[in-house]
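Asker: Sequence:
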Amino acid sequence: MAGLPESALVQTGNNVLIGGFIILGPESEKVIVRAIGPSLPVSGKLADPILELHDANGGLLMSNDNWRSTQEPEIIATTVPPTNDLESAIVATLPPASYTAIVPGNNNTTGVALVEVYGLN
Numbered sequence: 484m485a486g487l488p489e490s491a492l493v494q495t496g497n498n499v500l501i502g503g504f505i506i507l508g509p510e511s512e513k514v515i516v517r518a519i520g521p522s523l524p525v526s527g528k529l530a531d532p533i534l535e536l537h538d539a540n541g542g543l544l545m546s547n548d549n550w551r552s553t554q555e556p557e558i559i560a561t562t563v564p565p566t567n568d569l570e571s572a573i574v575a576t577l578p579p580a581s582y583t584a585i586v587p588g589n590n591n592t593t594g595v596a597l598v599e600v601y602g603l604n
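In this text, residue positions in the sequence shown follow the numbering used here: the first is 484, and each later residue adds one.
What the hints contain is simulated information worked out from the structure, not anything from laboratory work. A hint or two may mislead.
[Claimed, not checked] Derived DEER-like restraints, expressed as beta-carbon distance ranges:
#, residue 1, residue 2, range
1, Ser552, Thr593, 19 to 27 Å
2, Leu603, Arg551, 16 to 24 Å
3, Thr566, Pro509, 33 to 41 Å
4, Thr592, Leu507, 33 to 41 Å
5, Pro556, Pro578, 22 to 30 Å
6, Arg551, Gly508, 28 to 36 Å
7, Thr553, Ala530, 15 to 23 Å
8, Thr562, Asn591, 30 to 38 Å
9, Val525, Asp568, 15 to 23 Å
10, Gly527, Glu557, 29 to 37 Å
11, Ser511, Thr593, 29 to 37 Å
Every value quoted in this text rests on a predicted model; they were computed, and no experiment measured them. Note that the Cβ used here is the ideal one computed from N, Cα and C, for glycine as well.
Taking the hints into account, I'd like the entire structure generated from these sequences.
Answerer: Right under this line is the structure:
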């Protein structure tokens, strides 16, 4: 897998946090993608990030708002769940390709957020 953590000021409309990563072949890789805001040690942090996972064509694969709302057991099993319940996370097994994680604020809120991807294989 190739990709780095990205942080940015999340605003409204198209001014959201976008982070890309690549699953290198030939095997699929299990990953956790996290959208962090409330637990960041900075002022002006995003209070409630939403996380969208998109394929190389821009198609929405999965989304999450508040990580405990979906996939809670899978996320806990990774040993790296977000520390704040308002943060978002997705666990997925992805075939080799390019992917994009998009982080807007819930209800058009704004602030600093971080998107991270960890390989779990």
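Asker: Hint by hint, where does the structure go against what was stated? Just the numbers, ascending.
Answerer: none
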